Amino acid sequence: MTGFPILSLMLLVPLVGAVACVKASRELARTIALGTTLVNFALGVVLWLNYDVGGAQWQFQEHADLFAGFSWKLGIDGIALVLLELTVFLMPVCIGASWNSIEKRAGEYYAAFLAMETLMIGVFTAQDLFLFYIMFEAGLIPMYLIIGVWGGAERIYASYKFFLYTLLGSVLMLIAMFWMVNVAGTTDIPTLMQFDFAPQAQTWLFLAFFASFAVKMPMWPVHTWLPDAHVQAPTGGSVILAGVLLKMGGYGFIRFSLPMFPIASAYFAPMIWGLSMIAVVVTSLIALVQTDMKKLIAYSSVAHMAIVTIGLFAFNRQGLEGSMIVMLSHGLVSGALFMMVGIIYDRLHTRDIVRYGGLAINMPYFALFFLLFTMASIGLPGTSGFVGEFLSLLGVYQVSSWVSLVATTGIILGAAYMLYLYARVVFGVQKNADAAAMPDLDMREWAMVVPLAAAVLWMGIYPESFLAPMRKDIGVVEARVAIAKPKGDAQVRTGSHAIARTAGQNAVEPR
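Counted the way my numbering counts, the sequence shown spans residues 5 to 515.
If you are wondering where the hints come from, they were derived from the structure by calculation, not from laboratory data.
Heads up, a few of these hints could be off.
Quick list of in silico lysine to aspartate or glutamate cross-link-like pairs, DMTMM-like style, CA-CA up to 25 angstroms [to be verified]:
1. LYS165 with GLU141
2. LYS299 with ASP444
3. LYS27 with GLU107
4. LYS435 with ASP446
Nothing here was measured: the structure is a model prediction, and the numbers come from that model.
Let the sequences and hints guide you as you build the complete structure.
Below is the structure:
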């Protein structure tokens with residue numbers, strides 16, 4: 005693979021597919037879109053197989069100077085690799101989820117999805133600061149169109165809210181980038197990750213980047229755009245929004261905020277923990293009283309992404325690795341849950357929980373997979389959700405036992421609202437004849453559900469497959485933040501009295 009521009013090819017393939025879809029008929033457009041995403045998934049498999057786990061930090065690098073100091077610089081490390089693989093894995097699922105539900109302007113719909121795939125891959129592969137910014141912000145446009153054109157009754161309000169929240173948060177980040185380039189003299193992201201900005205400047209730079217990444221996560225209290233966006237978006241839009249777009253905020257923290265501004269990151273860590281603890285508890289309680297299935301899962305996403313920020317700002321390996329696994333797991337599980345809601349919505353055209361009940365009788369296979377994804381969302385051992393949450397909580401416990409205690413309540417509340425949802429939808433008496441008459445999964449739905457279930461179980465049973473590629477790069481980030489790592493309240497303490505007491509306990513009394 006040396007010298008072969010596979011990353012540029014992975015950016016080009018969906019872009020070509022998008023152009024081909026624009027004027028195509030509905031049947032042709034969805035075929036082109038599915039074929040294009042499967043080709044990119046195959047390229048992702050090639051990338052995964054050729055990634056050298058013990059090799060250089062940055063691999064598959066490409067560099068071409070363009071104009072006015074702007075460069076086409078691509079490359080990935082292990083952190084970018086796993087998020088890129090998540091992207092190409094979920095895209096065919098999104099196309100499958102939209103197969104029958106999108107009827108009007110289908111060619112443009114699939115073109116928007118493929119354009120978004122190019123931009124998402126660009127975010128994870130860009131090594132030039134301004135190339136990253138362009139990809140990061142341009143991803144708003146196709147998602148804005150997907151919600152605004154093919155969404156529900158309140159789609160205009162939701163799309164504007166989504167666009168304004170995410171765009172306004174990034175204006176400060178752009179100003180900070182210009183200042184960084186002026187001081188450091190480079191737009192190269194790997195170089196900037198090792199550059200030591202002045203402590204005073206780090207404070208302002210951190211806040212500027214935080215304004216963008218916090219909205220993208222989204223963190224409390226700038227999360228209110230997410231439930232509206234999810235409720236109004238079509239099923240495919242919800243899957244990719246929860247699966248990948250939210251992860252851009254977490255990727256931004258671990259790629260920029262922590263390594264570039266370690267001192268400021270440590271200074272603002274208590275603020276991050278405070279906001280995250282509020283999010284875990286408050287959004288979980290809000291989820292508990294929802295009557296719309298999509299809105300419930302949307303609020304659960306905010307709670308799960310709060311575990312990500314808690315782990316990231318634990319400043320240790322367990323927290324960082326746990327946060328990455330939570331992002332990967334949440335991408336799979338929340339995407340799968342939104343898809344399960346979409347499956348029954350396509351049959352009954354309502355997301356109101358009270359309209360369902362007793363689906364285990366007429367949809368047993370649906371009930372089985374829904375149970376798996378529900379358990380993974382809760383964090384059942386053996387599923388992907390357990391690994392990430394365990395590592396994140398273990399990491400933050402080393403820094404603050406109080407933060408870990410509050411974060412743990414999120415798991416308890418998560419079990420409450422997810423099991424309550426499952427019980428009302430799948431068990432109980434069949435009160436509505438139309439719900440009782442719904443058929444079980446068809447072949448297209450099996451093709452979407454089985455890969456997601458396999459990935460959730462694979463990550464839960466053998467997480468080393470996903471930890472190994474990024475372990476070395478997590479170590480690089482950990483080394484950068486070590487200079488500002490805060491002292492924890494849960495550390496083992498030793499001293500003269502402790503040593504004397506231990507020695508006294510171990511001493512052998514004379515006869």
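Hint by hint, here is what the structure shows:
| no. | hint | result |
| --- | --- | --- |
| 1 | LYS165 with GLU141 | 15 angstroms, holds |
| 2 | LYS299 with ASP444 | 24 angstroms, holds |
| 3 | LYS27 with GLU107 | 14 angstroms, holds |
| 4 | LYS435 with ASP446 | 24 angstroms, holds |
The structure fails none of the hints (numbered hints given earlier).
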